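Number of protein chains: 4
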Amino acid sequence: MIPMTGKHTWAIPEGYIPRESTGPEPELISHESLCVLNTTDEDATLEITVYFTDSDPIGPYETEVPANRTRHFRFNEFEDPEPVPKGEPFASVIESDIPVVCQHTRLDS
Amino acid sequence: MIPMTGKHTWAIPEGYIPRESTGPEPELISHESLCVLNTTDEDATLEITVYFTDSDPIGPYETEVPANRTRHFRFNEFEDPEPVPKGEPFASVIESDIPVVCQHTRLDS
Amino acid sequence: MIPMTGKHTWAIPEGYIPRESTGPEPELISHESLCVLNTTDEDATLEITVYFTDSDPIGPYETEVPANRTRHFRFNEFEDPEPVPKGEPFASVIESDIPVVCQHTRLDS
Amino acid sequence: MIPMTGKHTWAIPEGYIPRESTGPEPELISHESLCVLNTTDEDATLEITVYFTDSDPIGPYETEVPANRTRHFRFNEFEDPEPVPKGEPFASVIESDIPVVCQHTRLDS
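Chain order of the listed sequences is H, E, V and Z.
Going by this note's numbering, the first sequence opens with residue 172, and the numbers climb by one from there.
Going by this note's numbering, the second sequence opens with residue 172, and the numbers climb by one from there.
Going by this note's numbering, the third sequence opens with residue 172, and the numbers climb by one from there.
Going by this note's numbering, the fourth sequence opens with residue 172, and the numbers climb by one from there.
Hints in this document: simulated from the structure, not taken from any laboratory.
Treat the hints with care, as some may be off.
Since the list gives no way to pick out one identical chain from another, each pair is judged satisfied if it fits inside one copy or across any two copies.
In silico SDA-like pairs for lysine to any residue, Cα to Cα no more than 25 Å straight-line [claimed, not checked]: (1) Lys178 with Gly230; (2) Lys257 with Ala238; (3) Lys257 with Glu235; (4) Lys178 with Arg190; (5) Lys178 with Thr276; (6) Lys178 with Asp225; (7) Lys178 with Glu191.
Remember, it's a predicted structure, so these values are computed and weren't measured experimentally.
Same shape as in the complex, but just chain H:
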């Protein structure tokens, strides 16, 4: 789906982490993943910034994708500088010091 052109910067306008369900009707659970592939021989350091509708961006979340590895992140696993708020739309920008390939996937169940 994606020509093999590693890039330093990627944007994902779509993002949403559902609020936890507290009642008898479980809220739709959306498993959004950020899949990153680093086919180079150098470890990549990523800085992820998250944008919102009504407030300033949060970030950067720093993480790493080692050389010749892939990592599939969930946005609700990011904790530092603070968890991504649940129940509100967000977007994200991924910046990497090494060219990587990013894919955003959503699995609704």
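We have chain H already, so just place chains E, V and Z on it with the hints.
Coordinates of chains E, V and Z only, in the frame set by chain H:
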């Protein structure tokens, strides 16, 4: 999924707002969103034009995505110059005075 | 999702029309659509060629998208030169005399 | 969805083959396909390399897409040099000696 290349114009050939269900069998509900990310320091003004199969385009719908913000729109929230007709296929073109990144998502339930 | 760059040729590697169900267990129904948007002031004539795993391509299927219109096609509506076979994977190439924007969508239910 | 630009190399950051279910609750089954279209008059030889989170890449898996044909692969059908491990995220890179068009699709059921 989308290299970080803000653009002034985006096209979405797919679009459909289901008619409201009136009978015992609820019609499939499709939640289509238009996610727009503005990572610049200037507010973006958007003009959205909607195309149909058998009639002239409607629009522009005018809306805004402030600097360093994201907005996730639903096509059934657009009211002016007139609501987007339900139950018929449409396509859309988004024009922005500031380069933005757009993503069209569909969640069927 | 798609920068506004009309093109004369599009490729869709994915395609599948399920066989009709004959038993009590309905086969998964896949609604694949080919959405085409023509934002120009000229009618576009499309030629669609369908590729298979074990046999020669079929086509072209000829159809049209008028100026300033969108059309959402289903592959099982193409009849001439022959219906697209059900129950086997296919791919397609869309060629247009006018630059159009294409999107392939799949709704599984 | 994909402009008709055959390429020699494609990357798919997303990939996952579920473990087989052994209990009463069947695990979610994900049917991921790699759809490849070869519209040229020459047979294409593909080499597919699969990347992981914590271990070295596996491959290349060699396969072929004949001239004017499409093939839709499932990652769990690749056997040589070894099956793709189940139950862990992977990514893949497809290299072809002839320009092809690739699309990665996921059907969750």
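Here is what the structure says about each hint:
For the homomeric pair Lys178 and Gly230, the shortest alpha-carbon distances inside one copy (20 Å) and between copies (24 Å) are both at most 25 Å. Taking the shortest alpha-carbon separations for Lys257 and Ala238, only the inter-copy value of 22 Å comes in at or below 25 Å, while the best intra-copy value is 32 Å. Taking CA atoms no more than 25 Å apart as the test, Lys257 paired with Glu235 passes in both settings, with 24 Å inside one copy and 24 Å between copies. With identical chains, the CA atoms of Lys178 and Arg190 are never at most 25 Å apart, being 32 Å at best within one copy and 32 Å at best between copies.
When the C-alpha separation of Lys178 and Thr276 is checked against a cutoff of 25 Å, the pair qualifies both within a copy, at 18 Å, and between copies, at 22 Å. Within a single copy, Lys178 and Asp225 get their C-alpha atoms only as close as 29 Å, which misses the 25 Å cut-off; across copies the closest is 22 Å, which meets it. For the identical chains of this complex, Lys178 and Glu191 are neighbours neither inside a copy (34 Å) nor across copies (35 Å), given an alpha-carbon limit of 25 Å.
Of the numbered hints given earlier, the model fails hints 4, 7; all others are met.
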